[in-house]
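Spelled out from the first residue to the last, the chains are:
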Amino acid sequence: MRLSLLSVSRVIGAKRLLSDVSMEVADGEFCVLIGPTGCGKTTLLRIVDMLDRPTSGQVFLDGEDCSGYRGRARTFLRRRMSMVMQRPFMLSGTVEKNIRFGLDVRGQDPGTDVVARVLASTGLEGMEQRLAKTLSGGEMQKVAIARAVITQPELLLLDEPLNSVDQGFRPDLRSLIRRLHREMGMTVLMATHDLSDALSLSSRTVVLSDGAVMQAGETGEVFSNPAGVFVASFIGMKNIIPVEFSGTTARSGGLEIITGEPGSGKGYITIPPEVIALSLERPDSSQRNTFQSVVTDIEHGPMHDDVTLLSGGVAMHASITRESVERLRVGAGSSVWISFKATSVRILA
Amino acid sequence: MTELAEAFALALKMIFTADPVVMEITLRTLAISASSTIIACILFTPLACLIHFTKFRGRGALIGFIQALYSMPTVLAGLLIFLVLSRTGPLGSLRLLFTTKAIVIAEVFLIAPVILGLVISALKGVAGEATDTVRALGAGRLQVAGVVLFEARFAVLSAFLLGFGRAISEVGAAMMVGGNIAGRTRTLTTAISLGIGMGEVAESIALGIILMMLALAVSLLVHLTGLRRI
Chain A
1 MRLSLLSVSR VIGAKRLLSD VSMEVADGEF CVLIGPTGCG KTTLLRIVDM LDRPTSGQVF
61 LDGEDCSGYR GRARTFLRRR MSMVMQRPFM LSGTVEKNIR FGLDVRGQDP GTDVVARVLA
121 STGLEGMEQR LAKTLSGGEM QKVAIARAVI TQPELLLLDE PLNSVDQGFR PDLRSLIRRL
181 HREMGMTVLM ATHDLSDALS LSSRTVVLSD GAVMQAGETG EVFSNPAGVF VASFIGMKNI
241 IPVEFSGTTA RSGGLEIITG EPGSGKGYIT IPPEVIALSL ERPDSSQRNT FQSVVTDIEH
301 GPMHDDVTLL SGGVAMHASI TRESVERLRV GAGSSVWISF KATSVRILA
Chain B
1 MTELAEAFAL ALKMIFTADP VVMEITLRTL AISASSTIIA CILFTPLACL IHFTKFRGRG
61 ALIGFIQALY SMPTVLAGLL IFLVLSRTGP LGSLRLLFTT KAIVIAEVFL IAPVILGLVI
121 SALKGVAGEA TDTVRALGAG RLQVAGVVLF EARFAVLSAF LLGFGRAISE VGAAMMVGGN
181 IAGRTRTLTT AISLGIGMGE VAESIALGII LMMLALAVSL LVHLTGLRRI
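Heads up: the sequence lines are chains A and B, in that order.
The opening residue of the first sequence carries number 1 in my numbering; numbering runs sequentially from there.
The opening residue of the second sequence carries number 1 in my numbering; numbering runs sequentially from there.
This is chain A alone, in the form it adopts within the complex (with noise of 0.2 Å):
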């Protein structure tokens, strides 16, 4: 199922939820929504499944216009969806009963090879007479996934499915939800907040930030290429620093960095930490930026340590591994110097 979003809004009083959001989904695409809690990521599942009504705007599917339908015909058009919410309620019963429900209603007989199928593929099996209520929160996202794809859906919306699930159960449902796409094709529109989930399952990435749609893309291409501060920040980038260019010169606090391509007027850089060198006399190298600093922390991490230094009034991190942090014997007020290529300084549209 193709799925669009034109220009759709949610006002609730004076609170905006979703602002002018403009969208596609290809048919059998995997396609994340992150952004942070309350960036809208839910308003706009919730729109599309038709549980809410947008205020401004029209959703599409198939290209066919979802705001002329009522009553029974937008429950039949809801049939051809489903959703999986961030909290998974279980209905009174077997965790048999809770994955045929979708069927039932439909008034359709899976029959029990159907079922049987359902429960397997979702590792579920030998579970379908437990009362679904006494599961562990990773078992009921299981049988709300199965719930959701026993009928089938052209489109299915998952509603941070993982955000109730224990850490140690996150990668097992990660896969069943790749594995179901892979087998099943249909289209799946995901919120989150977990990079890693975007990263792992989608194809395409929307960005969200209150209400708007602040970048839309491949998700390579949006991990690779942030457009913008906020989207840069919240993929992880570190080292964002406002700057004011002449050509290929980059001007903040007391730095001049050289960058590979040049910019103008007022804008962000980032540079990537893992690019950074640290040395203890200035390097000898061919890198264009050379900067003479001071650790103010070292942070220990499992493979690399973060080493937070200051450089001409700017603070910066370095990714350094545990054997250059102690080979250098730098510890926080140590003097260094540090080093990177002009061609590793992003600039930020």
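Worth flagging that the hints you see were computed from the coordinates, not collected in a lab.
Hints should not be assumed to be uniformly reliable.
Stated by the list, open to error - Not close to chain B: a few residues of chain A, all C-beta gaps over 10 Å, as computed: (1) Leu6; (2) Ser56; (3) Ser92; (4) Gly111; (5) Asp166; (6) Ile240; (7) Val275; (8) Arg288; (9) Pro302; (10) Arg322.
Claimed, not checked - If we take Cβ atoms under 10 Å as the criterion, some of the chain B residues that face chain A in the derived model are: (11) Arg135; (12) Ala136; (13) Gly138; (14) Ala139; (15) Val147; (16) Phe150.
Ideal Cβ positions, reconstructed from N, Cα and C, are used throughout, including at glycine.
Using the hints provided, position chain B relative to the given structure of chain A.
Frame of chain A, contents of chain B only:
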């Protein structure tokens, strides 16, 4: 004190020997209360669903008004139904006054707010996610109402039992529209009331014990249904 003890012993004897008068009043009371509760449940559970699932202006005020009617004086309910059913009233031609049907009508009127209000509260007690989940899985309006009602079944059952409890313990309305006619409209509460007035203490105590046991049974059922969650 001796008189009271004797009356108490006589009352127990009437219960254990299934005194025909006591049994007749008890069965009539049960039939009236059960009928009025069943009718009220059939009429007002769908209405409660309609009010719960429909968003309209003044819905909050309406629910507040319904809840305010929980404490409607039974005599007032009796008076209203009396006026409606009396010879000159709008339904006077039906000649229902001083029949058990009139008591049933009065009790339905009396327990309607209790059942309506408590069923709405029971539906409200089901997590909002339930309604959204069921709708998102493709259920139509009636199917959603059915599922949410089923999820709230223990609270709904408690509402029905409380309605029954109010009906069985009611005296004012039954007296006014039923007339407390021996062998025809006399109920446990009206019989106790009359019995004390006429000095028939033993019969009143026997009927009082039965009424108390029925009220306790209802309370116990409400408590037990309240304990059920899954």
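Results of checking the hints against the structure:
1. Residue placement check: Leu6 of chain A keeps its beta carbon more than 10 Å from all beta carbons of chain B (closest about 23 Å).
2. Distance to chain B confirms Ser56 of chain A as a non-interface residue, since its nearest Cβ pair spans about 20 Å, more than 10 Å.
3. A cut-off of 10 Å between C-beta atoms contradicts the statement that Ser92 of chain A is not in contact with chain B; the least separation is 6 Å.
4. For Gly111 of chain A, the condition that its CB be more than 10 Å from all CB atoms of chain B holds, with the nearest at approximately 18 Å.
5. No Cβ of chain B approaches the Cβ of Asp166 of chain A within 10 Å, the least distance being about 20 Å, so the stated non-interface status holds.
6. In this structure Ile240 of chain A is separated from chain B by more than 10 Å, as the shortest Cβ-Cβ distance comes to about 38 Å.
7. A cut-off of 10 Å between C-beta atoms confirms that Val275 of chain A is not in contact with chain B; the least separation is 46 Å.
8. No Cβ of chain B comes within 10 Å of the Cβ of Arg288 of chain A; the nearest lies about 56 Å off, and the non-interface call holds.
9. Listed as a non-interface residue, Pro302 of chain A keeps its Cβ farther than 10 Å from every Cβ of chain B; the least gap is roughly 37 Å.
10. Separation of Arg322 of chain A from chain B is adequate, the least Cβ-Cβ distance of about 46 Å exceeding the 10 Å criterion.
11. For Arg135 of chain B, the suggested interface contact is upheld, since its CB lies about 6 Å from the closest CB of chain A, less than 10 Å.
12. Annotation: Ala136 of chain B was flagged as interfacial toward chain A, and the flag holds, the nearest CB pair being 4 Å apart, inside 10 Å.
13. At a threshold of 10 Å, the smallest CB-CB gap from Gly138 of chain B to chain A is about 4 Å, leaving the interface hint in force.
14. Because the beta carbon of Ala139 of chain B sits about 4 Å from the nearest beta carbon in chain A, less than 10 Å, this interface hint is met.
15. Here the hint on Val147 of chain B is kept, as its CB sits about 7 Å from the closest CB of chain A, short of 10 Å.
16. The beta carbon of Phe150 of chain B comes within 7 Å of a beta carbon in chain A, closer than 10 Å, and the hint placing it at the interface holds.
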